[in-house]
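K.L.:
First to last, the sequence lines map onto chains A and B.
Using my numbering, you'd call the opening residue of the first sequence number 105 and step up by one each time.
Using my numbering, you'd call the opening residue of the second sequence number 19 and step up by one each time.
Note that these hints are calculated values from the structure, not bench results.
Beta carbons are placed, not taken as given, at the ideal position from N, Cα and C, and that holds for glycine.
Any given hint could turn out to be false.
Said to hold, decoys possible - Here are the simulated DSS-like cross-link-like pairs (lysine-lysine), alpha carbons at most 27 Å apart as the crow flies:
1) A:Lys214 <-> B:Lys133
2) B:Lys131 <-> A:Lys253
3) B:Lys131 <-> A:Lys242
4) A:Lys214 <-> B:Lys285
5) A:Lys216 <-> B:Lys133
6) A:Lys214 <-> B:Lys94
7) A:Lys216 <-> B:Lys303
What the hints assert, rightly or not - One-sided and incomplete, this derived list gives chain A residues near chain B with beta-carbon spacing under 10 Å:
8) Phe110
9) Val147
10) Glu213
11) Asp320
12) Pro378
As the list claims (entries may be wrong) - Some chain A residues flagged as far from chain B (calculated, every beta-carbon gap over 12 Å):
13) Cys289
14) Leu308
15) Glu462
16) Thr465
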Amino acid sequence: MKIHEFQARTILQNYNIPLANGFLASSVQDALKAFNKLNKKVVIKAQILSGGRGKAGGIKIADTEEEVIKYSELLLNSFIKGEKVNLLLIVECVSVQKEFYLGITVDREKKKIAVLLSKEGGVEIEETATKEPEKILKVYIDPILGIRKFHILRMCCFVTDDKTLRNCLFDIIESAYNAFIENNCTLLEINPLSLVEDGHLIALDSKMNIDDNGLDVLPKGIIEHNCIRLDDEYEASQAGLSYIKLDGDIGCIVNGAGLAMATMDMIKIAGGKPANFLDVGGSSNPQKIIKAFELLLRNENLKSILVNIFGGITRCDDVAKGLLKAIEIFKPNIPIVVRLIGTNFECAEKILNSEEIEVFTDLNSAIKKVVQ
Amino acid sequence: MSILIDKSTRVVVQGITGRDGAFHTDLMLKYGTNIVAGVTPGKGGTTIGEVNVYNSVCEAVTLHKANSSIIFVPAKFATDAVFEAIDSGISLIVCISEGIPVFESLKIYNYIKGKNITYIGGNCPGIISPELCKLGIMPNSIHKKGKIGIVSRSGTLTYEVVNSISSVGLGQSTVVGIGGDAIPGTEFVEIIDKFNKDPETEVICIIGEIGGNAEEDAADFIRRHVNKPVFGYIAGRFVPKEKRMGHAGAIVSGGKGSAENKINAFKDAGIEVLDIPYLFGERIKITLC
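In isolation and in its complexed conformation, chain A is listed as follows:
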């Protein structure tokens, strides 16, 4: 799960990572208040989850009350990269001498935690990585050993000869690593990590992705925050479902991520367009199917639903029960195509036959039916 910049700031602050002063604003009045409190030139940043927000016009600099009003009005409630802007972060504008990049992630290939430090940070970091990889140092940490002094010293010495700066950097890397581990992050980026006029480093922008399997360690306030609570994908994850909305019109309810992706691929090959990815996960619970229908039916583009379940740990009869209940509650007026096979299929067939729901066992026919 991605979290917002302002939420990442709250976490980083708890680890004493220095940030630019700033306030959150949900209205133009709030933005003005923040501007007056900071009493200097400010940067107005739209709080959205997508990357590349600066290039998409989500970041503005304002020097006067008029500019603050103008840009806050422009950004609030606007859509950037398809996301509605509900909140702005107003931070002081600082003069930057140099920009670094600090990134921590899980390296799936090496099976270690990778800590990356770049001599040059900023929006072009991916380009730096391809064109000047020698500017980036990657250090791999064994998760059982954890980060040690020598790891951090190596990184500090890589980017600077300045002793004060090294000390400052040391603390930030150590704290960032702890924040990464203790909050079950899959990604933590501080970019840019900026050297400002007084010789200090501050985290000017940060990005955090949290392991969906580890959300329980996050401070409650972050998860419960409105921006996330309204999010269908988050709501799905709370119910044990994995859901990603797409732009097609055929809703998919599938068990298993691989089969869910394969089902989408097959719909596409057959000439249809999937409206979503939805994996109800292993272990069956009729409630999950009901929740899946609830989420899918919010999508106004939806023209039909394909339920594709290959029972293993998921039992077909549990799915059938959930299906009937969902139809009873939501009374969907679009066609529902059901494909069931595997564990407890016979019981499921009995349950559904009594309700006159046609059940396919072979996937080919079900896909054909839902695409036509």
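Place chain B on chain A using the hints.
P.N.:
Coordinates of chain B only, in the frame set by chain A:
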């Protein structure tokens, strides 16, 4: 011959008293798996069916010579169950539990290294060698004994492929689901190496999906070491590109992980790539005849 499991596999079920643990213990017993004990801390002394339940894996190993474990413990306690199995001397561990945090999987992977233990999972369907042993949750009825080895990152998608193969009258030597987690305990390459060395496995199927670069590694291994016919499938061809991790992920993987990249790697390695999972049976039949 099968790989990983056979008639000598002596199984302890960790989390045997839970809903899924008890249900699948029964199905595995019906399939002929030699389940020698169950473990649920605090429920030692009880029984599930005719299987004795103990408080620790250690007792199951000492009293019943268990050498393999299957884990149904909820995600929150699953990592601990894996470490318990490792420290009790179990040499094959299959973890069905879904939802283990990435960092925990990393710790397991690094702890196990050099210990001569095979850890399959988490979030996996397990292993089955038709007519010999089932250490997993796959439906019993779709499998047939045969000469096709299957390795996959997905559970239900594997059932789809198995079903397609069995329905044309062919069968499987062993089917291994390595699981869909970002850090699986065992990767494709290790299983393909075993299939390659197994005289009874004549055809290998590899079922991958987007993300990571295990498929690319497997393709590289197959190109260099495997002479048996290999069939492949990649799920997620039409998953939108922007659903990816941020910069650090992109830098580390160097742009690897897309379906296109994986399909090309498969083709370059001489693997026959299928577009649709239920076509495996027909296509393999054509090749074999």
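K.L.:
Check each numbered hint against the structure and report the violated ones by number, ascending.
P.N.:
7, 8, 9, 13, 16
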